[in-house]
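Protein chains in written order, with full-length UniProt numbering: chain A, 1 to 321; chain B, 1 to 321; chain C, 1 to 321.
Please note that the accuracy of each hint is not assured.
Because identical chains cannot be distinguished in the list, a pair is counted as satisfied if it fits within a single copy or across any two copies.
[Unchecked claim] Listed below are the simulated DSSO-like cross-link pairs for lysine-lysine, each with C-alpha atoms no more than 27 Å apart in a straight line:
| id | residue 1 | residue 2 |
| --- | --- | --- |
| 1 | Lys-25 | Lys-164 |
| 2 | Lys-165 | Lys-34 |
| 3 | Lys-88 | Lys-177 |
| 4 | Lys-88 | Lys-258 |
| 5 | Lys-18 | Lys-165 |
| 6 | Lys-18 | Lys-161 |
| 7 | Lys-36 | Lys-25 |
| 8 | Lys-130 | Lys-58 |
| 9 | Lys-227 | Lys-24 |
| 10 | Lys-36 | Lys-24 |
| 11 | Lys-164 | Lys-177 |
| 12 | Lys-161 | Lys-58 |
| 13 | Lys-58 | Lys-167 |
| 14 | Lys-258 | Lys-193 |
| 15 | Lys-164 | Lys-193 |
| 16 | Lys-58 | Lys-24 |
| 17 | Lys-58 | Lys-36 |
| 18 | Lys-241 | Lys-25 |
| 19 | Lys-131 | Lys-177 |
Hint data in this document are derived by calculation from the structure and do not stem from the laboratory. This one's a predicted model, so the numbers in the text were calculated from it and none came from an experiment.
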Amino acid sequence: MNNYIDLTDIEDLQELIKEALQLKKENSAANLGKGKTLGMLFFNPSLRTRLSTEKAAKLLGMDVMVMNAANDGWALEFEDGAVMNSDKAEHIKEAAAVLSQYCDIIAVRAFPGLKDRDKDEMELVMNSFKKYASVPVINLESATGHPLQGLTDALTITELKSSKKPKVVLTWAPHPKALPQSVPNSFVEFMQKLDVDLVITNPEGYDLNQDITKDTPVIHDQESALKNADFVYVKNWSSYKTYGTILSTDVSWTFGAKKLELTRNAKVMHCLPVRRNVVIDDAVLDSENSIVIHQANNRTFAAQAVLKRLLSPSAPKEKVK
Amino acid sequence: MNNYIDLTDIEDLQELIKEALQLKKENSAANLGKGKTLGMLFFNPSLRTRLSTEKAAKLLGMDVMVMNAANDGWALEFEDGAVMNSDKAEHIKEAAAVLSQYCDIIAVRAFPGLKDRDKDEMELVMNSFKKYASVPVINLESATGHPLQGLTDALTITELKSSKKPKVVLTWAPHPKALPQSVPNSFVEFMQKLDVDLVITNPEGYDLNQDITKDTPVIHDQESALKNADFVYVKNWSSYKTYGTILSTDVSWTFGAKKLELTRNAKVMHCLPVRRNVVIDDAVLDSENSIVIHQANNRTFAAQAVLKRLLSPSAPKEKVK
Amino acid sequence: MNNYIDLTDIEDLQELIKEALQLKKENSAANLGKGKTLGMLFFNPSLRTRLSTEKAAKLLGMDVMVMNAANDGWALEFEDGAVMNSDKAEHIKEAAAVLSQYCDIIAVRAFPGLKDRDKDEMELVMNSFKKYASVPVINLESATGHPLQGLTDALTITELKSSKKPKVVLTWAPHPKALPQSVPNSFVEFMQKLDVDLVITNPEGYDLNQDITKDTPVIHDQESALKNADFVYVKNWSSYKTYGTILSTDVSWTFGAKKLELTRNAKVMHCLPVRRNVVIDDAVLDSENSIVIHQANNRTFAAQAVLKRLLSPSAPKEKVK
């Protein structure tokens, strides 16, 4: 593994999931990261992702340095050939090259603007770091994907499934703010690689990017989609078609006890933070069907498996210093 | 010890003080915390408390992760059953449960609003973390108490006293801002457990909560209170009766050289930061009677003793992961 | 070495450079800092300096605690005898003494205001920490100097020079913001200690403090200054004479390919961040002549050599605790 930007960086997902579950049991690779530094660069705030990745790095023996671009007033220029006489003090070329001197792995979070779909889909920040860094780059959630969450979700379902090919339903739910599609995108991509029966359900106008959903069934009737589900992943996202907007706050899509009854006693997932009684009702979150805390705990082991791979000596991309 | 929220969490104060003073001499428990993580969550800014607790944790071999709720825009919902469609993105139930996955001990700072006494006395933040976390919780100063400071003060007096039963005077002093009662509250509670002769002196209207002061004498004449004092703890607090307000900025209460002369060559304490020439005069702070720096240094060992207890295997509350 | 505030703290620069280059090769002093804490206190934002110094400390086995005075709302009083009844909550006397309890070395960054030259030259923050701290103090860039950058630059030139006495040119370049003179000041001071032929070139009105430049030639014709240069250090600074102002944004001073041709195939340096196509052109920064990334990497080893000296047991100033 050279980077961890998106699913294409994973050569063998099953093997990576196995490694993560093994790390969860043992937690015994503390020497691999000794003397190595993880630099975490946040263009947007983070709590869960920072903590779980920081913990994973430290479990591997790594040092961690955290940078908040906003707090440090660090505005980067990404355009080639720019005459930098305005507010941007550093070009991505220097920024990535310098961080590559101080860090053995660089992890970056950069949300979409949700205004201009083409611009967001360029993944300028993530791809620029990939291009100009001389060390591996990890995606801590970008404009269009959140592959550490996707790996977490894949390993959670692998760990907890009780049938060979479970039915997994991704359902939209209302939310007061316009949210990115990065989490559902990555969830869909990872599920398509597992031996599961995946169904997506959302209101009209909320269909995800078809380049990602491909031939996964998208059903606009939530109740029929939920039937016999073994896992239900509840998540809000803003419209992809009418890009970045809130088309509906229809509370009939909130996931509550009656919806749960339609399923095969499904385990209920969410990436957190979750708006109680808007996205998922108390009755579900406080029931035994909710595995959201278990799932959050798995964030650590997903990050650890990725870091372990990137640190492993077989990685072909060499750090030149 | 299961938590360190208030004095009731300490089974044997004398023993804990002895342990802290021992740690100060030796500093040799670096393996107890290995592979363990302290999560420090600040709803209010902190410098001394963060540094001393962070240092204590690292001396025990722990990793430390710091979270600033304000900076990270992390607004928590504490109300049961709330429909979370406004600005609060996460419920304390998930927040505490998730932090319990990533951290082996959670330390929380949450100041009072100083507007609504009943609400402050509910200690909503601290008690909610205690209720919903599955790992031990440490109070880094809450609405009504600061038990790490209280333990520091108790061990400082134990360490430096030259008579069997010293006279200890807690005296109010003026301050331009309305401050919480948490430090004096904890000081009184800890002193009541030591073999000292405790006297409180403050202007009329500034009496602390009588549920805390109990039968400790409260004298409104500072000069008579200070007579023959072996230790003087100088500290401002806002009115408890006329809750959270400044009733007086009377500089005749400032602790200066003449006040010191009334004492038995007393050692002068303050939790810091201290407003020079408002709370305590230069002549006192720059004299050999001031032990405020010595006292600040003891913060580390108080925190270390508490962390050591919470990490020790005899703790009955088990972390389920 | 007792502190690292300015060049006078270095007894033997050549030896220190040798040590830094040795650390770059080996990186094997990880035990010296074990159980020791570096406290980094920022009155101004920092990225490169924080990361490289933090990394250097960790390579030595030290723990690092970072404090942002601005974020923590920590306003210090520096005046002796002040009656502290306004916005400043803590006096430098306590601040420095307390940090000396928690930290084994204190590193401080405090930029100039660039309004009042006399005030900036007093170096109030740095000198106050030096005066009141009981542990060594490191300058992470102060009002008038940046000795960690100066040491980095000296070791980079020592490492990469191909002639016995290279010609080194420090050239001013335009910039949209008024910048301190700290980096060029330290560069000049360090170069004066090396066996190099140093020339400074800048527009009229931009001459640096003559107490620092001394008999180093200052030439106002950039082209003639650059002739046969082996190293060119490009850097903007605001006027010292018309203190803190921008007198010129003349792009004819931008360092581009044609300027490079005047030199002896010079290596081009900059402390970063650099404004592309304003300070230095793409054609130079993207050429093999640019050593800015190499130079940035050396920040770690300069910091490591300084920390190593300050940690070494021969240091005469003892930490009393």
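Hints versus structure:
no.	hint	verdict
1	Lys-25 to Lys-164	within (22 Å within a copy, 54 Å between copies)
2	Lys-165 to Lys-34	neither (40 Å within a copy, 40 Å between copies)
3	Lys-88 to Lys-177	between (29 Å within a copy, 11 Å between copies)
4	Lys-88 to Lys-258	between (52 Å within a copy, 26 Å between copies)
5	Lys-18 to Lys-165	within (17 Å within a copy, 60 Å between copies)
6	Lys-18 to Lys-161	within (14 Å within a copy, 52 Å between copies)
7	Lys-36 to Lys-25	both (23 Å within a copy, 16 Å between copies)
8	Lys-130 to Lys-58	both (23 Å within a copy, 26 Å between copies)
9	Lys-227 to Lys-24	neither (32 Å within a copy, 62 Å between copies)
10	Lys-36 to Lys-24	both (21 Å within a copy, 15 Å between copies)
11	Lys-164 to Lys-177	neither (37 Å within a copy, 63 Å between copies)
12	Lys-161 to Lys-58	neither (30 Å within a copy, 39 Å between copies)
13	Lys-58 to Lys-167	neither (36 Å within a copy, 46 Å between copies)
14	Lys-258 to Lys-193	neither (30 Å within a copy, 55 Å between copies)
15	Lys-164 to Lys-193	within (14 Å within a copy, 62 Å between copies)
16	Lys-58 to Lys-24	both (14 Å within a copy, 24 Å between copies)
17	Lys-58 to Lys-36	both (10 Å within a copy, 10 Å between copies)
18	Lys-241 to Lys-25	neither (43 Å within a copy, 55 Å between copies)
19	Lys-131 to Lys-177	neither (33 Å within a copy, 29 Å between copies)
Going through the hint list in order, the structure does not satisfy hints 2, 9, 11, 12, 13, 14, 18, 19.
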